[in-house]
Amino acid sequence: MRFTLNIWRQNGPTESGRFVSYEADDVSQGMSFLEMLDGVNQKLLVAGEEPVAFEYDCREGICGSCSLVIDGIPHGPDQGITTCQLYMRRFPDGANITIEPWRAKAFPIVKDLVVDRSALDRVMQAGGYVSVNTGGAVDGNALLIGKDQAETAMDAASCIGCGACVAACKNASAMLFVAAKVSHLALLPQGKPERTGRVTAMIEAMDREGFGSCGNQYECEAVCPKRISVRFIATLNREYRRAGIVESALPNASESPHAESV
Amino acid sequence: MITKLDPKIPSGPLEAKWDRHRFSEKLVSPNNKRKLTIIVVGTGLAGASAASTLGQLGYQVECFCFHDSPRRAHSIAAQGGINASKNYQDDGDSVGRLFYDTIKGGDFRSREANVYRLAQISGQIIDQCVALGIPFAREYGGQLANRSFGGVQVSRTFYCRGQTGQQLLLGAYSALCWQIERGQVTMRPRTEMLDLIVVDGQARGVVVRDLVSGRISIRTAHAVVLATGGYSNVYFLSTNASGSNVTATYRAWKQGAAFANPCFTQIHPTAIPPSDAYQAKLTLMSESLRNDGRLWVPKMLGDTRAPRDISEGERDYFLERRYPRFGNLAPRDIASRAVKTVCDEGRGVGPNGHGVYLDFAGVVEQQGLDVVAERYGNLFDMYHRITGEDAYRAPMRIYPAPHYTMGGLWVDYNLMSTIPGLFVIGEANFADHGANRLGASSLMQGLGDGYFILPYTIGHYLATAKLPPVTEDHAEAREAHQRVLNRTARLLAANGRRTAASFHRELGSLLWNYCGMSRNETGLKLALSSIPTLREEFWRDVVVPGAGDSFNQELEYAGRVADYLEFAELLCHDARHRQESCGAHFREEYQTGDGEPKRDDTRFAHVAAWEYREGASPILHKEPLAFEFVQPTTRSYQ
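Chains as they are written, first to last, in the numbering used here: chain A, 22 to 283; chain B, 2 to 639.
Read the hints as simulated data drawn from the structure, not as lab findings.
For each residue, glycine too, the CB sits at the ideal point set by N, CA and C.
Treat the hints with caution; some may be incorrect.
To be verified - Quick look at which bits of chain B chain A covers, simulated, 3 or more residues with Cβ under 8 Å:
1) 167-179
2) 240-247
3) 497-509
4) 547-557
Sequences are here, hints too, so could you generate the full structure?
Structure representation (structure tokens):
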């Protein structure tokens, strides 16, 4: 198989980028999309040119590193997978394929197809945890959690933090990501004590990082490699409303949910 | 110079060692903890759990990872589960049994005291993970669910679907996020450790490269913790993530840390077979599949019929035949070798005969498609995407792949290397798995080291060591900095015609053939003579484009390949020295008539710890393994 690739090249966050065309030949059907790009890069290297920068690590769909917009769709044409799980048999021989980075204000470009997603880490740092110390935890079976409840929490927790939801959204909103994180802990008894502060802090962090608002178009769900449901956005909204009511009913609540621990 | 390897195993009965040791350890007062800085390199299960716990204790922690986010470390890819001797199933499990299974699984090449401690804290790890909100699989009544795993006869594995590593890592990462928010941990992602700073014999810092700006800088501290994972990628094709590498531990070795048992490399039996020359990695199919799947090949040589056309009587369920007691749940090393044997006989299936069937027809018939889909759905989907084949209808094809490395930097009972102040945790150390790791034990060890062992033992070191101030201007720091600058410049200057990947592939194939699933003297000698030639060619002919002062993925990669090209030699030296077959290390000269490994406790009941010498062969130091509480037996699963 052979393909013509239009790849976004950009040297750094402040420089302007452009599409450059490359030919990928000797491609076989069983090659993964990233292996196809490896092949292009090997040829560029031998020719003394700079290879195309793109991100990858586990190459089995779990680390969340790979992040390509392929023909306008984050992670490419198939649903429920990451870029690294896409195989060339999915494309017709001779096709033109356009490859771009995640595009969002909160994700500045590092180089070519690599973006900086540390905004997602900062949202997590704002409250995406249960504040328990190491040591002294009670027996795991002391806390009974129904199977369905645990499974729903797991559905939310399976988010790999790739940021495709942001890349797919015309508002570059991170609502599905934040919804997954908030819902995972809100669904479990361990997350209850900090439930109110967590959702408020994470929503505020999300806004601070420059992610947009949710427009209820569900593009995020369509591209999510783990098929995280937009129903969790409803959970997030409910949690946020609830926090507003609880907080207004408790005038003495401290401003930051973790103020006492600093 | 290493004079003597002192494992510092506490005296007393096995059950009391850890408790007594913790009591006798000196503590650092809360006021003093604030003045102490600890560097943690790596943010997998071991690194993230250690960094967060050390932050919680009040130390100033500086934590590094080469990924863009600490959450992407390769622990995330562990699928099957995590062991603990909770005995929730009331099936006869206990601390003693987990200890014994692990030490036997490791073919009696690990320390009793370390393994017992790991079994003791295994339950606490589960409790801690539950407290962090990890959504473990549950029964309808709300209790934690368990499944069984290779090499044992009880159900002690806790799991989150096929994504246990991911959930445990996200838990440790969330604890890390809390400590970052509190200002206790300074997180530096996209930063790679390239050298270790040793001042007056103590580890006092690291040299790191900022992978975005390319800036190479000195970071000093009172102690350094390496949690940088294993080196299976030395084989090029492995189940490891592309970025996993030996660089941090290898550079520490060159600064004086002994490297133990490098030849203990685990080849996992159930990966998707390699299909073509372009392949960049091998994808693991979780060991949990062997709970319900049966391995077989045709009895007849060169039988190319479709699997469903081969009748029961014409199939060889070779694990069930050879190991009736454990059957398809035989440990990894044994299962991998059995697969190799039937493939070498010419009974392998699929392209090149590199594969055996893993068949679910029986369980689908007995329990229904839905049950199988619920249990393994994500793995079947993954298999389908990669191969284009439907494992619900036809059996999977699987073949062994390098997966985990039991070898690593030598550490004592306190997880400290031969360099005072350099601690090594998780897969990066050699400690607990002996010559073969059992399934679902790596997550246990990584979290055990990080949450519950290191935070105690490092405190004793910090409380008792003399630690004069060290700044970036210190001569040893400057020297380490210069070493990294020189090496980076040398990589960029090579300006040759071959890519780093082409060298890596060639090295990997050499190692796979001569130091892979089975090894012999002739092959190892050949590998040892070929590696230096390949290395010379690398430095003469590698091409690394671009500059050092910018984001340059090829420069990062070439540096790692350069280290593999040196480290591979150490691996082969160790394999050659160990003239016995034990665990994952199979020397063809040492086997029984029916192909079972022959261990030699008289000559090789020791840890082989290698010391670096510039321009000469490494020096071997032996730590004898004393078995006071268990009697090493022939490890039989028949």
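So, going through the hints one by one against the coordinates:
1. 167-179: holds (count 8)
2. 240-247: holds (count 3)
3. 497-509: With 5 residues close enough to chain A, the hint holds.
4. 547-557: holds (count 5)
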